[in-house]
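A.B. asks: Sequence:
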Amino acid sequence: MILQGNKLERSFAGQVLFENITLQIGDKDRIALVGRNGAGKSTLLKILVGEEQPSSGTIDQKRDLNLSYLAQDSRFASEKTIFDEMLHVFEDLRQDEQQLRQMETEMGQLSGDALNQLMTRYDQLTENFRQRGGFTYESDIKTILNAFKFGQEMWQMPISELSGGQNTRLALAKMLLEKPDLLVLDEPTNHLDIETIAWLENYLVHYSGALLIVSHDRYFLDKVATVTMDLRPHGLDVYAGNYSYFIQEKAQRLATEEKNFEKQQKEIAKLEDFVQKNIVRASTTKRAQSRRKQLEKMERLEKPDSHQRSAYISFHADRPSGNKVLSLKDTMIGHEGVPLSGPIDLDVSRMDAIAVVGPNGIGKSTLIKSIIGEIPFVKGSAMYGANVDQGYYDQTQSHLTPQNTVLEEIWSDFSTLPEVEVRNRLGAFLFSGEDVKKTVSVLSGGEKARLLLAKLSLENNNFLILDEPTNHLDIDSKEVLENALIDFDGTLLFVSHDRYFINRVANKVLEISQSGSQLYLGDYDYYLEKKAEQEQKQMAADTASDRSDKTAAQDYQAQKASQKEVRRINRRLEEIEVSLEALDDRAAALHAEMSQTNDAAALMDLQKEVDQIAGQQDDLWQEWEDLSEKLES
1 MILQGNKLER SFAGQVLFEN ITLQIGDKDR IALVGRNGAG KSTLLKILVG EEQPSSGTID
61 QKRDLNLSYL AQDSRFASEK TIFDEMLHVF EDLRQDEQQL RQMETEMGQL SGDALNQLMT
121 RYDQLTENFR QRGGFTYESD IKTILNAFKF GQEMWQMPIS ELSGGQNTRL ALAKMLLEKP
181 DLLVLDEPTN HLDIETIAWL ENYLVHYSGA LLIVSHDRYF LDKVATVTMD LRPHGLDVYA
241 GNYSYFIQEK AQRLATEEKN FEKQQKEIAK LEDFVQKNIV RASTTKRAQS RRKQLEKMER
301 LEKPDSHQRS AYISFHADRP SGNKVLSLKD TMIGHEGVPL SGPIDLDVSR MDAIAVVGPN
361 GIGKSTLIKS IIGEIPFVKG SAMYGANVDQ GYYDQTQSHL TPQNTVLEEI WSDFSTLPEV
421 EVRNRLGAFL FSGEDVKKTV SVLSGGEKAR LLLAKLSLEN NNFLILDEPT NHLDIDSKEV
481 LENALIDFDG TLLFVSHDRY FINRVANKVL EISQSGSQLY LGDYDYYLEK KAEQEQKQMA
541 ADTASDRSDK TAAQDYQAQK ASQKEVRRIN RRLEEIEVSL EALDDRAAAL HAEMSQTNDA
601 AALMDLQKEV DQIAGQQDDL WQEWEDLSEK LES
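Residue numbers (full-length UniProt numbering): 1 to 633.
No lab work stands behind these hints, which were simulated from the structure alone. Any given hint could turn out to be false.
[As the list claims (entries may be wrong)] The list that follows gives simulated cross-link-like pairs (lysine-lysine, DSSO-like), each with its CA atoms no further than 30 Å apart: (1) Lys-223 to Lys-46; (2) Lys-369 to Lys-250; (3) Lys-259 to Lys-277; (4) Lys-448 to Lys-438.
Fair warning: this is a prediction, and the values are worked out from it, not measured in the lab.
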């Protein structure tokens, strides 16, 4: 164990937020901390890392525990540039690096034992430097900065000039470089796009230390966590699995707890009834007293919290649409005539549930607004089918009137509905009592989202177009919305960054990019699988192309070399022929000279030179024959 909480309690003004919280964190644990909104998850994290004190209970941790904590609004002030701040993480390594350079300089000035001792110290320091990442830390910095969307053009930017979201992202990047024993992360996926979240998931899966994470991104928790802790007001339940496992097991646990609770309640009622009827009768008073003691000793089960209030969301179509709902052919989207992406082709059929995905800034919301007519297409138009009734959810919540009350907001669009029906519908979306008198301007983002969904549910459309419908919703409300859309008897087209939501709701995924669009006939996991296959095929094609290019280049170089060799051989053949002619002339001159002299010594010298010429001629003719054969081949 590296950290342990014992019987932790946190109260505010006498109101208990949570109590009886005991947990342990091992050095390799990957823990997701979940719980309803307001359960105190962020408060518990702050207590565990020492930023707040518990009302009661204790925290024990391993001596010299290296811990990093990312709060939802984590910021750090620094006068350094982005890259210099990241370099500061490795200050001890950089000092060792300077020492190594100094030792290398000294080696040229020493000899004998002094040099041997220095070499020994140098080898030890070099190995220690290597093991601690001394040869890769600058590469690690660049990798993580690029992953968190801090490109090289930003590395010399002062941290003081970053936005709040950028500062939080940089704080997380710095923590990953520090590689603490325990990373405590509160909503780490805030301010990250899907690509960066996917990178972070992979990084954390292979992280060498322990993780404790709070997140509303259920897909992220599924990928990273291996243990899920469910925070409740009076305890902490531990599940040995990821978020999806937790949901399944919690449902089974609640069903068992409800069954046991109801069984005990029946037993208690039966005992209490027996005591009440028999305590005053002399013949049965002893048995009644025995039952009373039994009741007093009984450990009462806590009523399961499965009946805590959640929104009840449902959508229903007044009439079915035709089989063809929407068609886009060679359309392009953008602003003021400037394309963002395209061309986009899409055929939407009745009962489709299509998620629109793509990188940030590619125009997903613009596509939705172009389809509903708020923004004109740069090229083309949307063609609707027969009997299509369109409903739209706007992520900006701009279609709400700030000065209206919650009740007036509904009545302004549905004035013929009886008040009791309006109140019932609002109650289903968790607006009850005095809540309906609140003005829209004072509502939270989650409350505005529920109000918009309430209005949408009253329209009874058969084609729902939703732009980020899960923004601002807590996990419980997301799951209720998911179930409502899964049961919806109409057609869906939606944009969402919530991959868990896409996985549950979508049966098709439309990816848009600068080059166009592609439709995948499955959920988000299927989309990722097919994308990976396409990337592998592209890599294989690129590799084959590289090989082909390399082969062609090699063939070209070989051809050039062959042509060069032919030219060399021809030149050499010409040289040999010239040499042979010169040798023939010299041999003829020697023979003429030999015929005109009677001096024996002179004849011997002349004969010796003739023999040498004959040898040279033999060598040249042999070379000529070899080169001629090579030229023919």
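A.B. asks: Would you mind marking each hint as holding or not holding in the structure?
C.D. replies: Results for each hint:
Taken as a hint, the Lys-223 and Lys-46 pair is honoured in the structure, with Cα atoms around 24 Å apart against an allowance of 30 Å. A distance of roughly 40 Å separates the Cα atoms of Lys-369 and Lys-250; the hinted pair therefore is violated under the 30 Å criterion. The hinted pair formed by Lys-259 and Lys-277 meets the criterion: a straight-line CA distance of about 27 Å does not exceed 30 Å. A hinted pair counts as satisfied when its Cα atoms are at most 30 Å apart, and Lys-448 with Lys-438 qualifies at roughly 11 Å.
The earlier numbered hint that this structure contradicts is number 2, and it is the only one.
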